[in-house]
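*Asks:* Now for the letters of each chain:
Protein chains: 2
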Amino acid sequence: MKEKRIYNFNAGPAALPLSVLEEIQESFLSLNGCGMSITEISHRSKEFDAIIDDAIARTKRLLKLDDKFHVLFLQGGASTQFCMVPMNFLSEGQSADYVSTGTWSQKAIKEAQIQGKKIKVVASSEDKNFSYIPQNIQFSSDARFVHITSNNTIKGTEWASYPDTKGVPLIADMSSDILSRPFDPEPFGLFYAGAQKNMGPAGVCLVVIRDDFLQSVPDNLPTMLKYTTHASKNSMFNTPPCFAIYTVQLVLKWLEETIGGLDKMQELNRKKAQLLYQTIDAGDFYKGTAMPDSRSLMNITFRLPSEELEQKFVKEALANNFAGLKGHRSVGGCRASLYNAVPLEAVQALTDFMVAFERKNR
Amino acid sequence: MKEKRIYNFNAGPAALPLSVLEEIQESFLSLNGCGMSITEISHRSKEFDAIIDDAIARTKRLLKLDDKFHVLFLQGGASTQFCMVPMNFLSEGQSADYVSTGTWSQKAIKEAQIQGKKIKVVASSEDKNFSYIPQNIQFSSDARFVHITSNNTIKGTEWASYPDTKGVPLIADMSSDILSRPFDPEPFGLFYAGAQKNMGPAGVCLVVIRDDFLQSVPDNLPTMLKYTTHASKNSMFNTPPCFAIYTVQLVLKWLEETIGGLDKMQELNRKKAQLLYQTIDAGDFYKGTAMPDSRSLMNITFRLPSEELEQKFVKEALANNFAGLKGHRSVGGCRASLYNAVPLEAVQALTDFMVAFERKNR
Chain A
20 MKEKRIYNFN AGPAALPLSV LEEIQESFLS LNGCGMSITE ISHRSKEFDA
70 IIDDAIARTK RLLKLDDKFH VLFLQGGAST QFCMVPMNFL SEGQSADYVS
120 TGTWSQKAIK EAQIQGKKIK VVASSEDKNF SYIPQNIQFS SDARFVHITS
170 NNTIKGTEWA SYPDTKGVPL IADMSSDILS RPFDPEPFGL FYAGAQKNMG
220 PAGVCLVVIR DDFLQSVPDN LPTMLKYTTH ASKNSMFNTP PCFAIYTVQL
270 VLKWLEETIG GLDKMQELNR KKAQLLYQTI DAGDFYKGTA MPDSRSLMNI
320 TFRLPSEELE QKFVKEALAN NFAGLKGHRS VGGCRASLYN AVPLEAVQAL
370 TDFMVAFERK NR
Chain B
20 MKEKRIYNFN AGPAALPLSV LEEIQESFLS LNGCGMSITE ISHRSKEFDA
70 IIDDAIARTK RLLKLDDKFH VLFLQGGAST QFCMVPMNFL SEGQSADYVS
120 TGTWSQKAIK EAQIQGKKIK VVASSEDKNF SYIPQNIQFS SDARFVHITS
170 NNTIKGTEWA SYPDTKGVPL IADMSSDILS RPFDPEPFGL FYAGAQKNMG
220 PAGVCLVVIR DDFLQSVPDN LPTMLKYTTH ASKNSMFNTP PCFAIYTVQL
270 VLKWLEETIG GLDKMQELNR KKAQLLYQTI DAGDFYKGTA MPDSRSLMNI
320 TFRLPSEELE QKFVKEALAN NFAGLKGHRS VGGCRASLYN AVPLEAVQAL
370 TDFMVAFERK NR
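Chains A and B, in that order, give the protein sequences.
For the first sequence, this note's numbering assigns the number 20 to the initial residue and increments by one for each residue that follows.
For the second sequence, this note's numbering assigns the number 20 to the initial residue and increments by one for each residue that follows.
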């Protein structure tokens, strides 16, 4: 039976490759013929070892990480990383720079402040409702790290390239654009990404950490909140979220073997975003909310001439099988998330719908 | 096609009801016909609201929890609870009692000590390799809470009934026997359970917390580590592990509607455990490691006359489709975990195999 499937523009949890979903479904009662479901096998089994080791190896190949980087799969989402980063890396007397580019940056900043850590917000785009990525930032030369949010899911902005911090290590929340494009990992001490946008289902968070950052973790932290705990146990100090890691492994395999790696993925993501931005920019009915030089390739935010039309647009879109087009509840408007697994055809269908909607409603 | 399925005696992640796995598989590409997978829908959608609300309602009905109890579904497993419990409930000058009945109790104790919290280990069964549950414990009348481990997965012991703490609230790690039997929740301030044994897949932890415990949580903790954060947002402060919660919901439905509730579940669990203990006790070839009055109905630990025979037993069992019979790597021997989803037929088949193995090898 052919299942009904719709165009999924959710901001996260979000679309996954159909071939991955079909593989999970196919083997759900008996993983590789072992007689047990992926949800039933031991995390200490050879079956699961093969899954997590493959997921780590593929992450390293895709992101071109050499052996000084450790790949971890943790629980608690990016929100737990907001707390762990300052807890693990800012000791008495040390300070860090944070760049504030939206809701998630603000949350990261708040979690450092709650712990009484010394941080400095060196740049912010709050003056223009976070519609741009700040440029020419003066970083503190003695900062322990610089924290940025690589892509702002809610505001629809993205760092086109990462800032030159003059040698201060970068830490980035890459939840909503990880694996969407290649980048040089060298300047990074750590980066993290909740999986539920470009990597897999909710319930697992990718953390990539550099050796020297691991070495500065203090001993006296709660065990689950120390990066060293998870690095020394290959993310299996306690029972890991096996199903989520398995799905991530299959998505990484799809990215390597079906898409062909991050250069190819970026090319496709650019094509998708250009198509949608062109439709938005073609007239004055749709209006993008992010500054052109700061536009995200992942989350495309736009407004219509009135809130009534926006509601009508979202409603009619859903009736035409386009899901997830409502903007985040904190900002309103519309948003289409074009993560890796959203196919070009979905964007073509959406832009056709947008052109027809404009014709009927302008 | 009929999938190959084997008898699963894993200690966790562990067996799930086949009907639950089949329902997940059936609707995996399109949940309730919505056109998206459970791994792709928004946690802010009406579909997911229905799932988490139903999971909470069923938990409350099954455990007979009134409205002073809050049901949370968190990430990080019981290991994160080891750290959150003292962090949230032991302020300056307060002290708690802990009972040490095995590896997991010891880990809970260690996490309180790392934080410099004042605790007292009021009883321990370490003198006899944790083979029994201590009785007639003298609790401190001024303790903030008493922490126990209701079932010891590794050592095969279980509290037959909970201790009378003379009004001091109990906190329990119930990871390996939650929902296996009814109990009175009134003496508990909090209890928690990693889902991957009796409730669902790895990646979600049930936490039940009483109103007065919520009210004593300090404000200045990291947001993700405060119980109040999760209670005030119905476990959706950040993106929850949707797939794991969905599976838990289906397991709870099975427990209510197919099994018929916790009294029925306990009856079945007793029958399964009695069958296996009878086989162990029938001669001197198999030898149970837990004291008879402290035996677990969930994890049944036993030895054979030699380590060679134990290895042969585990190997031949696997060749005959019995998985997960090796004891925990820290103690050796054999262990069969008879969680809720392990059917009586599986235990019957195992005991037949054990009788035949003994006949050939004694």
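By construction, these hints were calculated from the structure, which means they are not laboratory data.
The reader is advised that the hints may include incorrect statements.
With a cut-off of at most 25 Å between alpha-carbon atoms, the simulated BS3-like pairs for lysine-lysine come out as follows [to be verified]:
| no. | chain 1 | residue 1 | chain 2 | residue 2 |
| --- | --- | --- | --- | --- |
| 1 | B | 252 | A | 65 |
| 2 | B | 252 | A | 129 |
| 3 | B | 65 | A | 65 |
| 4 | B | 65 | A | 23 |
| 5 | B | 65 | A | 334 |
| 6 | A | 126 | B | 252 |
| 7 | A | 65 | B | 334 |
| 8 | A | 290 | A | 272 |
If you only want the chain B side, here are some residues facing chain A, beta carbon under 10 Å, derived [unchecked claim]:
| no. | residue |
| --- | --- |
| 9 | 22 |
| 10 | 23 |
| 11 | 30 |
| 12 | 96 |
| 13 | 97 |
| 14 | 98 |
| 15 | 181 |
| 16 | 184 |
| 17 | 240 |
| 18 | 257 |
| 19 | 264 |
| 20 | 273 |
Here the structure is a predicted model, which is why all the values come from computation and not from measurement.
Glycine residues also receive a C-beta, built at the ideal position from the N, C-alpha and C atoms.
*Asks:* Given a cut of 10 Å on the nearest C-beta pair, is the interface hint for residue 98 (chain B) held or broken against chain A?
*Replies:* Because about 4 Å separates residue 98 (chain B) from the closest Cβ in chain A, which is inside the 10 Å limit, the hint holds.
*Asks:* Hold the hint about residue 257 (chain B) up to the distance rule: shortest CB distance to chain A must be less than 10 Å.
*Replies:* holds (4 Å)
*Asks:* When the nearest CB of chain A is found for residue 97 (chain B), is that gap smaller than 10 Å?
*Replies:* holds (8 Å)
*Asks:* Starting from residue 65 (chain A), check that the Cα of residue 334 (chain B) is at most 25 Å away, please.
*Replies:* holds (15 Å)
*Asks:* How about residue 30 (chain B): closest beta carbon in chain A under 10 Å, or not?
*Replies:* Interface hint status for residue 30 (chain B): holds (7 Å vs cutoff 10 Å).
*Asks:* Check whether the Cα positions of residue 252 (chain B) and residue 129 (chain A) lie no farther apart than 25 Å.
*Replies:* Since the Cα atoms of residue 252 (chain B) and residue 129 (chain A) sit roughly 18 Å apart, the hinted pair holds (cutoff 25 Å).
*Asks:* Given the hinted pair residue 65 (chain B) and residue 65 (chain A), is their alpha-carbon gap at most 25 Å?
*Replies:* violated (39 Å)
*Asks:* Just to be careful: measuring from the Cβ of residue 240 (chain B) to every Cβ in chain A, is the smallest value less than 10 Å?
*Replies:* Where the cut-off is 10 Å and the nearest Cβ of chain A is about 7 Å from residue 240 (chain B), the hint holds.
*Asks:* Minimum Cβ distance from residue 273 (chain B) to chain A below 10 Å?
*Replies:* Hint violated; residue 273 (chain B) Cβ to chain A Cβ min 14 Å, cut 10 Å.
*Asks:* May I ask you to test the interface hint for residue 22 (chain B) with respect to chain A, counting a Cβ-Cβ separation under 10 Å as satisfied?
*Replies:* For residue 22 (chain B), the interface hint holds, since the closest Cβ of chain A sits about 4 Å away, which is under 10 Å.
*Asks:* With a cut-off of 10 Å, does the beta carbon of residue 181 (chain B) approach a beta carbon of chain A closely enough for the hint to hold?
*Replies:* violated (25 Å)
*Asks:* Does the alpha-carbon distance linking residue 65 (chain B) and residue 23 (chain A) stay inside the 25 Å limit?
*Replies:* Satisfied, since the Cα-Cα distance of roughly 18 Å is no more than 25 Å.
Consistency note: the structure conflicts with the earlier hints numbered 1, 3, 15, 16 and 20.
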